[in-house]
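Number 83 in the UniProt record's numbering belongs to position 83 of the sequence shown; there are no gaps in the numbering.
Simulated from the structure, these hints should not be mistaken for laboratory data.
Nothing here was measured: the structure is a model prediction, and the numbers come from that model.
Glycine included, C-beta positions come from ideal geometry on N, C-alpha and C.
A portion of the hints provided could be inaccurate.
[Said to hold, decoys possible] Capping the alpha-carbon separation at 16 Å, the derived lysine to aspartate or glutamate pairs in EDC-like fashion look like this:
id	residue 1	residue 2
1	Lys256	Asp228
2	Lys256	Glu245
3	Lys143	Asp108
4	Lys48	Glu213
5	Lys178	Glu204
[Unchecked claim] The following label-pair restraints were derived from C-beta to C-beta distances:
id	residue 1	residue 2	range
6	Arg174	Arg24	19 to 25 Å
7	Glu41	Gln268	17 to 23 Å
8	Ser148	Gln170	41 to 47 Å
9	Pro265	His115	47 to 53 Å
10	Lys178	Ser148	45 to 51 Å
11	Gly183	Ala11	14 to 20 Å
12	Ser209	Ala11	22 to 28 Å
13	Gln9	Glu41	32 to 38 Å
14	Gly52	Pro214	27 to 33 Å
15	Gly269	Val111	44 to 50 Å
16	Gln181	His115	37 to 43 Å
17	Asp2	Asn216	34 to 40 Å
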Amino acid sequence: MDIPAGHQQNADQIAYWNGPAGQRWTDRQAAQDVVLAPVSEILIDRAKVRAGERIIDIGCGCGATTIALAQRTGPTGHVLGIDISAPMLARARQIAPPDLPVDFVLADATVYPFHPASFDLLVSRFGVMFFAEPALSFANMRKALRPSGRLAFACWREPRHNPWMMAPLQAVYRHVPKLPQQGPEDPGPFAFASEQRVTRILSEAGFSSIAMEPCNLSLDIAIGRGLDAAVESALEIGPSNRALEGQPAEVRTAAKQSIREALAPFVQGQTVPLGGSIWIVTASA
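Can you make the complete structure from the sequences, with help from the hints?
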């Protein structure tokens, strides 16, 4: 499998997203796109995509946002999806309609030689929180933008605002040690939860008119398939999965039952909606 060359400090993330974790996310592509559809809808609305625009989708993963952006910008536009995960990009290429104006590149956006001043918009759905030196990464991405270019991305707010991830994890913690606490500057899903940090990073990278809009969401982790599907969703990816890595079968079985008990009060028919919260971050080049 191809593994992209990247900034040396991003080596751990490149290995992670090209290993079993990247494959798990790829295998869950269809389900996860449904779970995160409310995020994509808000992000694309705030990005204010116009026909004919040239767009970069950073950390595009399996391509859902890349495809949606290309449908908005139309045949006269173009969307470049960039990601470090070979398995996820393989899925993106597989599901992208052949007539859409999209390309995908396996690369680290921190060092990728974007054509200077040739894009109108940078977009990302949860693809920018994993850079080791985010100001450096954003500075490189900003070079790709025209002077009139703009930025719009979604990132998670604090864990306490995201019970859709944390409720299952707290149930798992009844059976396993807690995950190592991340430092405030460490890459990870909540690395951009701090408004002050995001503003500092983007300012250092040369962006201006930085704005952060909190958006509260309801995310159905069952995707309309009932409680069993919600439990499997919690176990397959995310912090609960990481906390259970390497644990024996009996521990996983007990944790699964605890997750089921934790999620049961949220069941509404075949859905299991839980709260989530994101920042929509916008800025000018």
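Here is how each hint holds up against the structure:
| no. | hint | result |
| --- | --- | --- |
| 1 | Lys256 to Asp228 | holds, 10 Å |
| 2 | Lys256 to Glu245 | holds, 13 Å |
| 3 | Lys143 to Asp108 | holds, 15 Å |
| 4 | Lys48 to Glu213 | holds, 15 Å |
| 5 | Lys178 to Glu204 | violated, 34 Å |
| 6 | Arg174 to Arg24: 19 to 25 Å | holds, 23 Å |
| 7 | Glu41 to Gln268: 17 to 23 Å | holds, 20 Å |
| 8 | Ser148 to Gln170: 41 to 47 Å | holds, 46 Å |
| 9 | Pro265 to His115: 47 to 53 Å | holds, 52 Å |
| 10 | Lys178 to Ser148: 45 to 51 Å | holds, 46 Å |
| 11 | Gly183 to Ala11: 14 to 20 Å | holds, 18 Å |
| 12 | Ser209 to Ala11: 22 to 28 Å | violated, 34 Å |
| 13 | Gln9 to Glu41: 32 to 38 Å | holds, 33 Å |
| 14 | Gly52 to Pro214: 27 to 33 Å | holds, 31 Å |
| 15 | Gly269 to Val111: 44 to 50 Å | holds, 48 Å |
| 16 | Gln181 to His115: 37 to 43 Å | holds, 40 Å |
| 17 | Asp2 to Asn216: 34 to 40 Å | holds, 39 Å |
Comparing the model with each numbered hint stated earlier shows that hints 5 and 12 do not hold.
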